[in-house]
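Visitor: The listed protein sequences correspond, in order, to chains W and A. As numbered in our numbering, residues 1 to 93 make up the first sequence, in order. As numbered in our numbering, residues 1 to 93 make up the second sequence, in order.
Careful: at least some of the hints might be erroneous.
Where chains are identical, the list cannot tell them apart; a pair therefore holds if satisfied intra-copy or between any two copies.
Cross-link-like lysine-lysine pairs, in silico, DSSO-like; alpha carbons within 27 Å at most [as the list claims (entries may be wrong)]: (1) K57 x K43; (2) K31 x K43; (3) K31 x K57; (4) K43 x K65; (5) K22 x K43; (6) K31 x K65.
No lab work stands behind these hints, which were simulated from the structure alone.
Number of protein chains: 2
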Amino acid sequence: MSGGVGGGTGQVMRARIKVTLKDGVLDPQGKAIANALGGLGFKGVEDVRQGKYIEVKLSESDPDKARSEVEQMCRQLLANMVIEDFSFELEPA
Amino acid sequence: MSGGVGGGTGQVMRARIKVTLKDGVLDPQGKAIANALGGLGFKGVEDVRQGKYIEVKLSESDPDKARSEVEQMCRQLLANMVIEDFSFELEPA
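Here chain W stands alone, though its shape is the one from the complex (with noise of 0.2 Å):
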């Protein structure tokens, strides 16, 4: 009754992404957060990095084959490899 061909058998996995900046690139957008929270009276901050988190829901139960998909699809759109780094983890939605 259930189609068993291909990958996607109707699991659902989450993938949890993040995508920072490389250590070195310069974050304008984090410097204008860490100023901001000075002026609302926030001492004691030393440095702000913004990044992006994403989440991606696919259907696909092979855990490995979710995982080198997910990293496919960060090096193929969600991360800029020369600016940016990521790491996501995987698991049952």
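Place chain A on chain W using the hints.
Guide: Chain A in isolation, oriented as in the chain W frame:
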């Protein structure tokens, strides 16, 4: 020799903050990413939600104080509580 007055004794903590759209809030940016992933040939992408990831380094040696400070930063500046949720982890930097 070391200054122990006040909260900051030179120890630095890092907060890793995720700001995400609440369920039900439209996310056109996430939809655009999902479409682009489909166009690149990734099958099985069911949903994409884009949020922000922010790292804050702060000099505060007391974890409880640091926690409540980061929570206030999120409520006052980093997240728009009407449409966004936040979560964070604290660790020694």
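Visitor: Each hint needs a verdict: does it hold in this structure or not?
Guide: Evaluation of the provided hints:
no.	hint	in the structure
1	K57 x K43	between (39 Å within a copy, 11 Å between copies)
2	K31 x K43	within (15 Å within a copy, 38 Å between copies)
3	K31 x K57	between (32 Å within a copy, 12 Å between copies)
4	K43 x K65	between (46 Å within a copy, 12 Å between copies)
5	K22 x K43	within (26 Å within a copy, 29 Å between copies)
6	K31 x K65	between (38 Å within a copy, 23 Å between copies)
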